[in-house]
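Undergrad: Next come the chains, spelled out residue by residue.
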Amino acid sequence: MTASPQLRAPAYDVERVRGDFPLLARTVRGGRPLVYLDSGATSQKPRQVLDAEREFYERHNAAVHRGAHLLAEEATDAYEDARAKVAGFVGAAPDEIVFTKNATEGINLVAYALSNAATAGEATRRFRVGPGDEVVVTEMEHHANLLPWQQLCQRTGATLRWFELTNDGRLDLSNLDTLINDRTRVVAFVQQSNILGTVNPVQTLVRRAREVGALVLLDSCQSVPHSSVDVHELDADFMVFSGHKMCGPTGIGVLWGRPELLETMPPFLTGGSMIETVHMEASTFAPAPQRFEAGTPMVAQAVGLAAAVDYLDEVGMDVVAAHERDLTAYTLDAFEEVDGVRVIGPTDMVDRGGAVSFAVQGIHPHDVGQVLDDLGIAVRVGHHCAWPVCRRYAVAATTRASFYLYNTQEEIDTLVAGVRHAQRFFG
Amino acid sequence: MQLESLYQEIILDHYRNPHHSGLREPYDAQVHHVNPTCGDEVTLRVKLAGDTVADVSYDSLGCSISQASTSVLTDLVIGKPVDRAMSVSEEFLRLMQSRGRTEPDEDVLEDAVAFVGVAKYPARIKCALLAWMAWRDATAQALVAAGTNNLRETT
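Which chain is which? The protein sequence lines are D and Z, in order. Position in the first sequence counted from 1, then plus 609, gives you our numbering. Position in the second sequence counted from 1, then plus 23, gives you our numbering.
FYI, nobody ran anything at the bench for these hints, they're computed from the structure. Don't take each hint at face value.
To be verified - Stretch-level coverage of chain D by chain Z, calculated; a stretch enters the list once three of its residues show a Cβ under 8 angstroms from a Cβ in chain Z:
#1 975-984
#2 988-996
#3 999-1010
Here a beta-carbon is modelled for each residue, glycine too, at the ideal position from N, C-alpha and C.
Extracted from the complex, chain D is given alone in its bound form:
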């Protein structure tokens, strides 16, 4: 007799989930099944998301926030419902959510708003950055959360500073109290590293930033898709994430901001849809979030993203996180058995997410990736838009396997066998 099944928690049915993703059923090079281990770059999309976008175009398509016709009303409702849905997913209120074209734009929106504050009147004083001020980032930022701040500092004369990394792939916070100081105006950092997998201690950094009155921006592109994230728990001032990494469409990203900040922050892009009154001499702006959404927005993509949120909610973010945790632990264990493979990033499961970067001794990542591709395995090779991290760990590039709710242990077995095959091929 086996234990009665109703007493156990229902097992996660990964095959059922895979069935929702049409692309995962295709074959690649030489008719091999696809092993997609590149969700850190972009995730695949379930049929539910594709259907939602199609239905919007087939039934409700119209420009939003204007026009007196029925379609305009339906499209506006669909867009605003999507905003509310996405807000709920991260514990925010709808008006705190700004849709952008991607997360990169969201970060640029804030960085440019800060430099625009120089000429935007007294009400925006809080956002001004200039000579003598400091902006703090980390050495593990994606270029998207590094270059906007570098550029902001160049435009305004502020100074960019950064936390360095420890040998085991974590932030070196030994100088926390001096690096974040009274001159610090902004602290911008990644919640979970896209290249190392490291989950950063948000609370510690936020607490210190609060002590000195600095604004905090979180790059949550690699955390919102993979675990339950609540903006109030994190207590940052701004947070960005992208739609396409969380089963949603490309072309849409999300900026969350504290309402009192969004209320006074000057706009980044200007034009239609973001105005209150317009005269030839000057204009006034709409309240947030419209003030930050100039031009015709990405309505169908917002609808698709809302469907992605529904999808993830139905699976359950805790279930997603647990599944990825199993896969990551399994991968780290498996790589430990392979001579010549070095994981770049934490090698234990403490504060660690499902992106595993590795170097194979004597074989360039491009060549590793090519051999894996030949076996049907899609991984990312290169510097992962985090070039300073590669420099820090003295590698030109890495190979990265990144997981999502649809990956299986068998796929990781295929990956590990593929790495061994590459070692034989180039050995």
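Model the placement of chain Z on the given structure of chain D, informed by the hints.
TA: Just chain Z now, kept in the frame of chain D:
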């Protein structure tokens, strides 16, 4: 398996035992080129003797394709008149842009014909071209420097 058509034995041989590697004196021009998608880089020097490519030396970091391509390049251009070496590089460029649909001219390209398989993988073309672009750049600079010197001598 398609892997062997990409990584032909000639490529793997050059990769394992690269020819003319290391940076040497004297040189007329030195350039540093990078492949921004993967961080591969090459520092390459050119020495001309009149109209002839006297030496090409390099220090590079990269995948097997880029390493082998650099090695093959030096074999093909060292000792050749600059204009003939340039036309070899143009033939190689054509091969890389062919998507694998043209028959490479073995008389011109010699070992470089092995890169025909690379042209079928768009992501790898830049790897194969890195050193060639660096060599063209360095040679152009060396020619400009030589022209300036000649001008100085005649005035």
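Undergrad: Take the hints in turn and mark each one as holding or not.
TA: Comparing the hints with the structure gives:
no. : hint     : result
1   : 975-984  : holds (count 5)
2   : 988-996  : holds (count 4)
3   : 999-1010 : holds (count 3)
Comparing the model with each earlier hint shows no violations; every hint is respected.
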